[in-house]
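Colleague: Place chain B on chain A using the hints.
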Amino acid sequence: DAEITQSPRHKITETGRQVTLACHQTWNHNNMFWYRQDLGHGLRLIHYSYGVQDTNKGEVSDGYSVSRSNTEDLPLTLESAASSQTSVYFCASSEYITVSYNEQFFGPGTRLTVL
Amino acid sequence: AQSVTQLDSHVSVSEGTPVLLRCNYSSSYSPSLFWYVQHPNKGLQLLLKYTSAATLVKGINGFEAEFKKSETSFHLTKPSAHMSDAAEYFCCLGGQNFVFGPGTRLSVLP
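Chains as they are written, first to last, in the numbering used here: chain A, 42 to 156; chain B, 12 to 121.
Any given hint could be a false lead.
[Claimed, not checked] Below, a sample of chain A positions facing chain B; criterion: calculated Cβ distance under 8 Å:
hint, residue
1, G57
2, V60
3, A63
4, D79
5, H82
6, L84
7, Y105
8, Q145
9, G148
10, G150
[As the list claims (entries may be wrong)] Computed cross-link-like contacts, DMTMM-like style, restricted to lysine to aspartate or glutamate with a CA-CA straight-line distance of at most 20 Å:
hint, chain 1, residue 1, chain 2, residue 2
11, B, K79, B, D19
12, B, K53, A, E144
13, B, K60, B, D96
14, B, K53, A, E44
15, B, K60, B, E99
16, B, K69, A, D42
17, B, K60, A, E144
18, B, K53, A, D79
19, B, K53, A, D42
Note that these hints are calculated values from the structure, not bench results. It should be emphasised that the depicted structure is a prediction, and the values quoted were computed from it without experimental measurement. Glycine included, C-beta positions come from ideal geometry on N, C-alpha and C.
The following block holds chain A by itself, in its conformation from the complex:
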């Protein structure tokens, strides 16, 4: 069965370190998204990609970067981790942007703690 996986599931790091969160999907979807989830804020979009070599900034992109070298993967990098980036991170994918019933499929999440 197709799926979307994230690794690691839990990560503890120190302020100032570079951290990369992996996201891999086997749906063969064009679109991939990264969100962070914090109490009282719901899900906020960090970065998204509509295809290979395409990346775009979302609502809360400062301090994060992504790159898309193939269809299956969209790694999220925290260049210099800050305590404000302690959160739960979700990756999602969807098929086409022009299709109205185009729901997103979510990974299980990565809980990141920055000390």
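Modeller: Only chain B this time, still in chain A's reference frame:
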């Protein structure tokens, strides 16, 4: 600009009684709308979606939602709550980017 409002941050019901979770949206074009459920320490799972085919949409686990354009609403209902329905529920506006509401936590009391 697109936006989603979920009017209640927390709803508490007794098992066997109806559930109503409210969602209002703002969109400059015909929307696609979704409800997702998140159980503790899990990812989001799609409950149902509105794609302009029918205004009353049925989803999984007995949930349904009605799209009302005049009220810009897409409220989620279930006739009889079950203990397993206790979770966080997110209303979502689709399109080029997805816009999520802040979520409603549903508690089900025995």
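Colleague: Compare the structure with each hint and give your call.
Modeller: Against the structure, the hints come out as follows:
1. G57: The hint is violated - A/G57 has no Cβ within 8 Å of chain B, the shortest such distance being about 28 Å.
2. V60: violated, 20 Å
3. A63: Violated, because the Cβ-Cβ distance from A/A63 to chain B comes to roughly 15 Å (cut-off 8 Å).
4. D79: violated, 10 Å
5. H82: Holds, because the Cβ-Cβ distance from A/H82 to chain B comes to roughly 7 Å (cut-off 8 Å).
6. L84: holds, 4 Å
7. Y105: Violated - the Cβ of A/Y105 stays beyond 8 Å from chain B, reaching only about 16 Å at its closest.
8. Q145: Hint on A/Q145: holds, closest Cβ of chain B at ~6 Å, below 8 Å.
9. G148: Result: holds, 6 Å to nearest chain B Cβ.
10. G150: holds, 6 Å
11. B/K79 - B/D19: The given pair, whose Cα atoms are some 19 Å apart, holds under the 20 Å limit.
12. B/K53 - A/E144: The hint holds at about 18 Å.
13. B/K60 - B/D96: holds, 18 Å
14. B/K53 - A/E44: Between B/K53 and A/E44 the Cα gap is close to 14 Å, so the pair holds against 20 Å.
15. B/K60 - B/E99: Holds, because 17 Å separates the two Cα atoms, which is no more than 20 Å.
16. B/K69 - A/D42: violated, 24 Å
17. B/K60 - A/E144: holds, 8 Å
18. B/K53 - A/D79: The given pair, whose Cα atoms are some 14 Å apart, holds under the 20 Å limit.
19. B/K53 - A/D42: holds, 19 Å
Checked against the numbered hints above, the structure violates hints 1, 2, 3, 4, 7, 16; every other hint is satisfied.
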